[in-house]
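Position 81 of the sequence shown, counted from 1, bears residue number 80 in numbering that gives the first Met the number 0, the numbering being contiguous throughout.
Hints were generated in silico from the structure; no laboratory data involved.
Incorrect hints may appear among the rest.
Said to hold, decoys possible - Restricting the straight-line Cα-Cα distance to at most 25 Å, the calculated cross-link-like pairs of lysine-lysine (DSS-like) are:
id, residue 1, residue 2
1, LYS33, LYS242
2, LYS29, LYS88
3, LYS33, LYS17
4, LYS66, LYS333
5, LYS66, LYS91
6, LYS322, LYS91
7, LYS242, LYS275
8, LYS33, LYS91
9, LYS332, LYS88
10, LYS91, LYS332
11, LYS167, LYS247
12, LYS213, LYS162
13, LYS91, LYS231
14, LYS322, LYS17
15, LYS29, LYS322
16, LYS332, LYS17
17, LYS247, LYS275
18, LYS333, LYS17
19, LYS322, LYS332
20, LYS33, LYS66
21, LYS332, LYS66
22, LYS91, LYS342
23, LYS213, LYS242
24, LYS126, LYS162
25, LYS167, LYS322
26, LYS37, LYS58
27, LYS17, LYS66
28, LYS88, LYS333
Stated by the list, open to error - Quick list of simulated restraints, FRET-style, between CB atoms:
id, residue 1, residue 2, range
29, GLY97, LYS333, 16 to 24 Å
30, GLU165, GLU38, 29 to 37 Å
31, ARG273, SER233, 37 to 45 Å
32, GLU270, ILE164, 22 to 30 Å
33, VAL152, LEU209, 23 to 31 Å
The C-beta atom is built at its ideal place from N, Cα and C for all residues, glycine as well.
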Amino acid sequence: MNILFTAEYDEALIEEVKQLGDVHIQGWAKGIGKLSEKELIPLVDNVEVIVTSYDDITKAIIDAAPKLELIFCTRATPVNVDVDYAQEKGIKVLFTPGRNSDSTAELTIGLMLSIARKIPFAYKQLKKGNYTASSNKGNRAKEGLKRDVVWGVGPQSPYVVFKGIELKGRTLGIIGYGSIGRRVAAIARGFGMRILVFDPYVSNVDVDTLITEKVGIEELLIESDFISVHLKVSKETENFINKSSFAKMKDSAYFINCSRAAVVDEEDLIEALRTKQIAGAGLDVFSTEPIPESHPFIQELDNVVITPHIAGATTDVLTNHTKMIIQELDRFKKEEPLLYEYKQ
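When you get a sec, could you build the whole thing from the sequences and use the hints?
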C-alpha cells in the first residue's frame, strides 16, 4: 500500500504507520507547509492512500492519482477535500472527529477564566512595568503585626482594577452539544457551574440532569452568565449569533467562541463589546485569519481576550489522530468496516 503522508503526526507512532505500507512523507509532515496543487500532482501518480491535514485535495489531484482508494483528512470536517468527486470515483474519504475535542474544550474554559479574572490584562500591565516597585523593598511587619503582602489599597490598585468574577455558581450556556460542547460542560461542572444547553439535534434524555438542562435559545441567551458556541458552519448556523442575540444577553455576560467565526456576526459582536452591551468576550476565531493588525479586537477593545486559532494546537491532538490513522489503515488493509468514513 503506497501512502502519501503530508499530515502532522506523533513521531513516536510513525513506525506503526510505516508497518502498514510504503510511506512517503512530504509537505506539512516535513515542516515544509501546505502543498499547492502543482506540487501535489507529481506526488500522487502511484499512491493508493493520501493522508493530509490541510492540502487541498481537488478534482485535479484525484484525477492525477489513478490508483487512489482512500483519502484520510486529519480534521473534524474534510473541508479541503472534494468529497463529492472522490465518492463519485469510488474513493473513500475519512476524517478524525473528536481528535481535538479535549484540546478545544480546555481552551474554551481557559478563555472563560482569562476574561472572567482579567488574567491577560493583569499580565500585560506587569510586563509593562505597572504595579511594580522600583526595588526589592520587602514587606516588613509593624510591631505587633504579622507580615502582610498587599500590592496596594485604593481605587487604582490591581486588587480593584483587575477584580473579576468566579465561575462557581454562574450559569454557562452551551450552544451545540456535540463532542466539544459535552466536554466543556463536564469541565464546567467541576467548577460548580449550572449548564444550559441549546441543541435541537440532542434529546432531553441525553442532556438533563440536576445541574444541566436543555432549553430554548432565547432562555439560554437571557439566563446565561457565559455563553460558549460549538457549532459547525452551515446555512442554518451562519451568523447564528447576531445583534438580536446580544440584545437578549445580560450586560454582565461573557461570550466565548472556539468553533468558527462564521457562526457569529463579527460586526455585531464588535458593537456589543464597544457599547458594553455585554461584559466581554474570549475568542479564538475571526472572520479574517490571520486577524488584521488594525482590527478593533487588537487596537480598540479592552474587554476581549483573543488567541490566534490555537484551540486544537496541542501535541496530544497529533497523538490522537495518528492513532486513528493507524487503526483505520489497518482496518482498510484487512477490508474491515471503517469507523471514520465521511458521509455527505
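Given hint LYS332 paired with LYS322 - CA-CA distance at most 25 Å: 15 Å, holds
Pairwise beta carbon distance, VAL152 to LEU209, judged against the given window 23 to 31 Å: 41 Å, violated
Given hint LYS322 paired with LYS29 - CA-CA distance at most 25 Å: 19 Å, holds
Given pair status - LYS66, LYS17, alpha carbons within 25 Å: Between LYS17 and LYS66 the Cα gap is close to 19 Å, so the pair holds against 25 Å.
Satisfaction of hint between LYS91 and LYS322, Cα-Cα up to 25 Å: Cα-Cα ~19 Å, so holds.
Hinted pair LYS33 and LYS242, Cα distance within 25 Å: Violated, because 37 Å separates the two Cα atoms, which is more than 25 Å.
Holds or violated: LYS33 to LYS17, with C-alpha atoms at most 25 Å apart: 22 Å, holds
CB-CB spacing for GLU38 and GLU165 relative to the 29 to 37 Å hint: 51 Å, violated
LYS33 paired with LYS91 [C-alpha distance capped at 25 Å]: Between LYS33 and LYS91 the Cα gap is close to 22 Å, so the pair holds against 25 Å.
Agreement of LYS167 and LYS247 with the hint, judged by alpha carbon distance not exceeding 25 Å: 23 Å, holds
Assessment of proposed distance window 22 to 30 Å (beta carbons of GLU270, ILE164): 23 Å, holds
Proposed proximity, LYS275 with LYS247 (alpha carbon, max 25 Å): At roughly 13 Å apart (the allowed maximum being 25 Å), LYS275 and LYS247 satisfy the hint.
Comparing the model with each earlier hint shows violations of hints 1, 2, 12, 25, 30, 31 and 33; every other hint is respected.
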